[in-house]
Every structure is written in C-alpha cells, then in structure tokens.
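Here is what each chain is made of, one letter per residue.
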Amino acid sequence: MIIKTKKVIPASEITDPSIFKARRQIIKASLAAMLSSGGIASVFANSTPPIWPNLPKSPVTNGTLTVTPAEIAKNHTNYYEFSFNKTDSTRLAQNLVTDPWSVEISGEVEKPGHYHLEDILAKQTLQEYVYRHRCVEAWSMVVPWVGFPLASLLARVNPLSTAQFVKFTAVYQPQTMPKQFANAMLEWPYVEGLRIDEAMHPLTLLAVGMYGEHLPKQNGAPLRLVVPWKYGFKSIKAIVKIELLKKAPMTTWTKFAPNDYGFYANVNPNVAHPRWSQYSERQLGSRFFTPRRKTELFNGYGNEVASLYSGMDLRHFF
Amino acid sequence: MIFRFNNLYSLTLGVCLLPLLWLLIDTAIDNLGPNPIQALHIRLGDWSLRFLWLTLFITPLQTFTKWRGMAEYRQMLGMYAFFYASLHVLAYLLVDHALAWSVIGIDIFESQYIWFGLLAFIIIFSLALTSPKYAKKRMGKNWKKLHRYIYLAAVAAIIHYYWQLKGNMAEPLFYLICLCLLLGFRVLVWFKNRQFTKMMIPSGQKLARFTEKQMMSEISLEQQANEANSHDESRNKQHF
Chain Z
0 MIIKTKKVIP ASEITDPSIF KARRQIIKAS LAAMLSSGGI ASVFANSTPP IWPNLPKSPV
60 TNGTLTVTPA EIAKNHTNYY EFSFNKTDST RLAQNLVTDP WSVEISGEVE KPGHYHLEDI
120 LAKQTLQEYV YRHRCVEAWS MVVPWVGFPL ASLLARVNPL STAQFVKFTA VYQPQTMPKQ
180 FANAMLEWPY VEGLRIDEAM HPLTLLAVGM YGEHLPKQNG APLRLVVPWK YGFKSIKAIV
240 KIELLKKAPM TTWTKFAPND YGFYANVNPN VAHPRWSQYS ERQLGSRFFT PRRKTELFNG
300 YGNEVASLYS GMDLRHFF
Chain S
0 MIFRFNNLYS LTLGVCLLPL LWLLIDTAID NLGPNPIQAL HIRLGDWSLR FLWLTLFITP
60 LQTFTKWRGM AEYRQMLGMY AFFYASLHVL AYLLVDHALA WSVIGIDIFE SQYIWFGLLA
120 FIIIFSLALT SPKYAKKRMG KNWKKLHRYI YLAAVAAIIH YYWQLKGNMA EPLFYLICLC
180 LLLGFRVLVW FKNRQFTKMM IPSGQKLARF TEKQMMSEIS LEQQANEANS HDESRNKQHF
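Chains Z and S are the protein sequences, given in the same order.
Following numbering that gives the first Met the number 0, the numbering of the first sequence begins with 0 at its first residue and continues without gaps.
Following numbering that gives the first Met the number 0, the numbering of the second sequence begins with 0 at its first residue and continues without gaps.
Derived from the structure by calculation, the hints contain no laboratory data.
Be aware that one or more of the hints could be misleading.
[What the hints assert, rightly or not] Below, computed lysine-lysine pairings styled on DSS-like, alpha-carbon distance capped at 30 Å:
{"no.": "1", "chain 1": "Z", "residue 1": "K85", "chain 2": "S", "residue 2": "K165"}
{"no.": "2", "chain 1": "Z", "residue 1": "K73", "chain 2": "Z", "residue 2": "K122"}
{"no.": "3", "chain 1": "S", "residue 1": "K144", "chain 2": "Z", "residue 2": "K293"}
{"no.": "4", "chain 1": "S", "residue 1": "K143", "chain 2": "S", "residue 2": "K132"}
{"no.": "5", "chain 1": "Z", "residue 1": "K240", "chain 2": "Z", "residue 2": "K178"}
{"no.": "6", "chain 1": "S", "residue 1": "K197", "chain 2": "S", "residue 2": "K140"}
{"no.": "7", "chain 1": "S", "residue 1": "K165", "chain 2": "S", "residue 2": "K132"}
{"no.": "8", "chain 1": "Z", "residue 1": "K254", "chain 2": "S", "residue 2": "K197"}
{"no.": "9", "chain 1": "Z", "residue 1": "K178", "chain 2": "Z", "residue 2": "K85"}
{"no.": "10", "chain 1": "S", "residue 1": "K135", "chain 2": "S", "residue 2": "K65"}
{"no.": "11", "chain 1": "Z", "residue 1": "K73", "chain 2": "Z", "residue 2": "K254"}
{"no.": "12", "chain 1": "Z", "residue 1": "K240", "chain 2": "Z", "residue 2": "K122"}
{"no.": "13", "chain 1": "Z", "residue 1": "K73", "chain 2": "S", "residue 2": "K165"}
{"no.": "14", "chain 1": "S", "residue 1": "K165", "chain 2": "Z", "residue 2": "K178"}
{"no.": "15", "chain 1": "S", "residue 1": "K197", "chain 2": "S", "residue 2": "K65"}
{"no.": "16", "chain 1": "Z", "residue 1": "K240", "chain 2": "S", "residue 2": "K165"}
{"no.": "17", "chain 1": "Z", "residue 1": "K85", "chain 2": "Z", "residue 2": "K73"}
{"no.": "18", "chain 1": "S", "residue 1": "K165", "chain 2": "Z", "residue 2": "K246"}
{"no.": "19", "chain 1": "S", "residue 1": "K197", "chain 2": "S", "residue 2": "K132"}
{"no.": "20", "chain 1": "Z", "residue 1": "K73", "chain 2": "Z", "residue 2": "K240"}
{"no.": "21", "chain 1": "S", "residue 1": "K132", "chain 2": "S", "residue 2": "K65"}
Generate coordinates for the entire structure from the input sequences, incorporating the hints supplied.
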C-alpha cells in the first residue's frame, strides 16, 4: 500500500547522523536498562532519568504540538481493570507483573507463535512519536510516545491475504487487577480491534515508552497500541495477544454499549455520542478560563487517514 | 428569609459554606487533580445535588421525629442547592468554556445530559426566585403547586448525573436509592391521604349509596327495636 504524505520534514526533525549510526547501541543500552529496571525498580520509574533522552523523532510526528506535562499524562488514565477513577489507577497499577512479558501472535499469519517482548524489540527501531490523544469523554492531551509501527511487527510474521482484521487482547491478571477480580462492569480481558489497513497504517504504533521513559504501568506497560485518529479506548494497554482474523472481532466497549461505542471509533466532531457532544475537547494542562479546543475530524490526521474511509458513511460506521 | 438569632440556624448556615471553602482551598493549592477544570465543575454539581437531596429530606425527617419548625431549614438548604447549582453553571460557562458561545451552543444542543441539567436548573431557579415569604403570600395556593416541581427537578438532576457517565454506577446508584426513598415517602403519604380522604368525605354516587345503606341500617335497627318492643309488650302482657 502506498501512503502519500504531504508533509515536508523540517531540518530540525531530521535525525542527527551520529544518533542514527549509534542506533544499535542505543537500543542495546535501552534494552539493558529495561531489563535491569524490571520488578520493584520500575515502580520508581518516575524519578529515574530518561532512558531514551534523544530518540529520533518519527517523520510522521507533528512538531508544532505542545506536549502535555508528563505528570498529567501519568495520573489521568482510564484503566478500568484497576479502577474507574483516573488517578487511583496510578497507584493500583504498580502491582501489575510486566516482567517477563510475551506476546502471542496467531491467526491468519505464516509465522504464529509466542514472542518474548525483548525479542520483538530487538528487531525494531524505536522512535518518538508526538501524537494527539483524544478520549471519547471529550478530553485530550499530546503525548510523546516511544515505539514502532505495528506494521513492522506484522511484517515479521507474514500475514496471509485472508487476514482482514486484527484483534488485540489485553492481559488477564485478576490477582493484581481488582476490577477483573471482581468481574466488574466490562467483560475481561479487554479486547480491541482494527481493520487490517488501519493496523498497517504508518501512524499506528505499538508503544513501549512515553516522555523518553518506559511506559508507566498505569499507561499500559509494557506494550500498548496507539491509534491517534481514534478515540483513546481503541488504544488498548498491556497487550498479550495479537490475532489476525478473517472477520471483525467483537470489542469490549462495543459489546458493553453497542449504540455508544462503535468498532471504528474515529474521532469525529460531527458525530455526537448519544448522550454528549464530541464537537469540542478539554485539553489537559490548560488553565482556567481557557476555551475548549474544537475537535478535528480524525483528530487532525485526516490528510493521512481519510482515504481509508473514502465512500463510507462515518455516521453509520461510527 | 427572616434572620433570627438562632445558634443552630447560624451554625447550619455556616457549615453549608464549607464545601465551597474546601473547593477554594483545593483550587488554591492545586489539589484538583490532572483535570482541575472538570473537577471544579463536577464538585459544584455534586454539592448542588447533595443539597437538593437534603432539602427533600426535611419533610420526612419532620414526620418521623415530630420536630416542628424545620421549614426555614428546608428553605435554607434549598437556597444552597440553588447556590451550588448556579456556581456549577457558571463554572461550565466561564471556567470551562470561557464564554465561547458558539461552542457552548453546540455542546448544549448535542448533549442530552445537559438538557436535563438545564431543566433542573430552570426549576430550581424559579423556586429560589419565589422563595421569600412575601412571594409565598402573594402566590397563595399557586406557591405550593410551583414548589412541588422540586420533585421534577430532582429526577432531572439524577438523569443529568447518570447520562454523562460512561458506565461506572456505584456512586450515582447511592444517590438514586436516596432519591427513591425520598420520593417514595411522598408517594406513601399521598396514598395514605387519598385513602383517608375517601373515608372522610364520600362523594357522588358513593354518597348516595352510603346514605341509602345508612338508612337501611337505621330502618333495620328500628325494626329490631320495634320487635324488641313487641317482645317486651308480649312479655308485659304475660306478666299482666
């Protein structure tokens, strides 16, 4: 698939050759740091110096965005496995066991199997991606993710031509996740899905870090999806399974409330949630008496992704 | 509101301002969490709801405890519900939207949960407007009719609360149960009163039937009495 991008990369964003040449060392160093910081040490990840201080910025990154303060992004998460409260998840998520971590890739692929996270990362080049993040609850932030395109992982397992959809399953760990233990509200484990062309799009990421650090546990450590033109609930956290399917999977929120949360869940100011407007959003980190931001179609990534949905009635496929 | 020097009344008046003070302190020391604008806005709404529920609690409380003279407390709590609701609305318009009317217009138009909030606020606003004693005197019977709309405001408020949520229902469920108890009490009283009224003031055909029955029973009583008399007579005759 050819994806044309109209953006000219500013000189400031072109990777310094010295960094590029040292990329293997950077990855090795980061992996070593990741391995050594497992367990209890990662609880204090907030206080350690950045692991990826000068990561090359991805060409898809928009340099004009103002990044949300890290403390806000780290303490404002919808992680219903831990709590329905966005700040409580920070504390509760520290119990999550993320080491060791492996991802099962199965379904319509030539090379299914269980892959250790370290092995996956060893073959990927990490970059920084500064993306808008828009929640279905009408708040938003700008996060500098550290990760790699999902497409480059999928390329390694050779999807078959029959693969039409990708299903993601999050970890089931009821002994550390109180709401899973209580079987509360949603059906656990959390499941999300993408169409294959959405999954292969260069904007779609698997993230392992943010703000130059490992993903905090409350933000989806050790591996999460990031789909910047869709509402945040599509960007599933703590992924343990990726399945390539012939048919669309049933996803957690759609199953819970099919009229409220569709499979596509593209950010769209013209399609309101049945009970609230999606026309504007509260940018986190803004001061009192600041007007809300007007939400953009596809969260501002229309140039890149609108062609995926040409001819589709976005009101019907919400 | 006539101000009497009354320790308990003054104390209550002051205590009801504590949530606002607490909120102001949290705002000042930046303790409102990662989304302070929403936190401020929601906490004001929460307190408005709580005061509305407390207002509705006064009448049942009076009935159960047989305490008298709580009407002025009911008025005070109602005014506080209005006070916090007004701050809630102002926070929405000013703090969150900075009076960007085009965005506000679309937000209200597209958000069904706001419609119910708006309905609740319009009702509470008109109740607050007619709260003073002279308004009550001038309005006569209509005052009570108007102020019964507090029940509709309470129902609208709980819908407003429920419909902006994504799914977690623990806390709203608590408020819903409280409201059901508060409104259930009114239904019970209304039902009892209706039965009582039925017994006391029969009307129309029932009245006719009632009098007929009464007459019949009176006739039969008369007959019995006559029979008794005749027995007596016969007995008397025997004695004679």
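Now for the hints, and whether the structure bears them out:
1. Z/K85 <-> S/K165: holds (13 Å)
2. Z/K73 <-> Z/K122: holds (28 Å)
3. S/K144 <-> Z/K293: violated (43 Å)
4. S/K143 <-> S/K132: holds (12 Å)
5. Z/K240 <-> Z/K178: Cα-Cα ~20 Å, so holds.
6. S/K197 <-> S/K140: holds (22 Å)
7. S/K165 <-> S/K132: Not satisfied, since the Cα-Cα distance of roughly 42 Å exceeds 30 Å.
8. Z/K254 <-> S/K197: Since the Cα atoms of Z/K254 and S/K197 sit roughly 52 Å apart, the hinted pair is violated (cutoff 30 Å).
9. Z/K178 <-> Z/K85: holds (14 Å)
10. S/K135 <-> S/K65: holds (24 Å)
11. Z/K73 <-> Z/K254: Cα-Cα ~28 Å, so holds.
12. Z/K240 <-> Z/K122: Holds, at about 18 Å.
13. Z/K73 <-> S/K165: Answer holds: Z/K73 to S/K165 is near 21 Å, not above 30 Å.
14. S/K165 <-> Z/K178: holds (16 Å)
15. S/K197 <-> S/K65: With a Cα-Cα distance of about 25 Å, the restraint between S/K197 and S/K65 holds, given a limit of 30 Å.
16. Z/K240 <-> S/K165: Holds - the C-alpha atoms of S/K165 and Z/K240 are around 26 Å apart, at most 30 Å.
17. Z/K85 <-> Z/K73: holds (10 Å)
18. S/K165 <-> Z/K246: This hinted pair holds, its Cα atoms lying about 27 Å apart.
19. S/K197 <-> S/K132: Between S/K197 and S/K132 the Cα gap is close to 33 Å, so the pair fails against 30 Å, i.e. violated.
20. Z/K73 <-> Z/K240: Answer holds: Z/K73 to Z/K240 is near 24 Å, not above 30 Å.
21. S/K132 <-> S/K65: With a Cα-Cα distance of about 24 Å, the restraint between S/K132 and S/K65 holds, given a limit of 30 Å.
Consistency note: the structure conflicts with the earlier hints numbered 3, 7, 8, 19.
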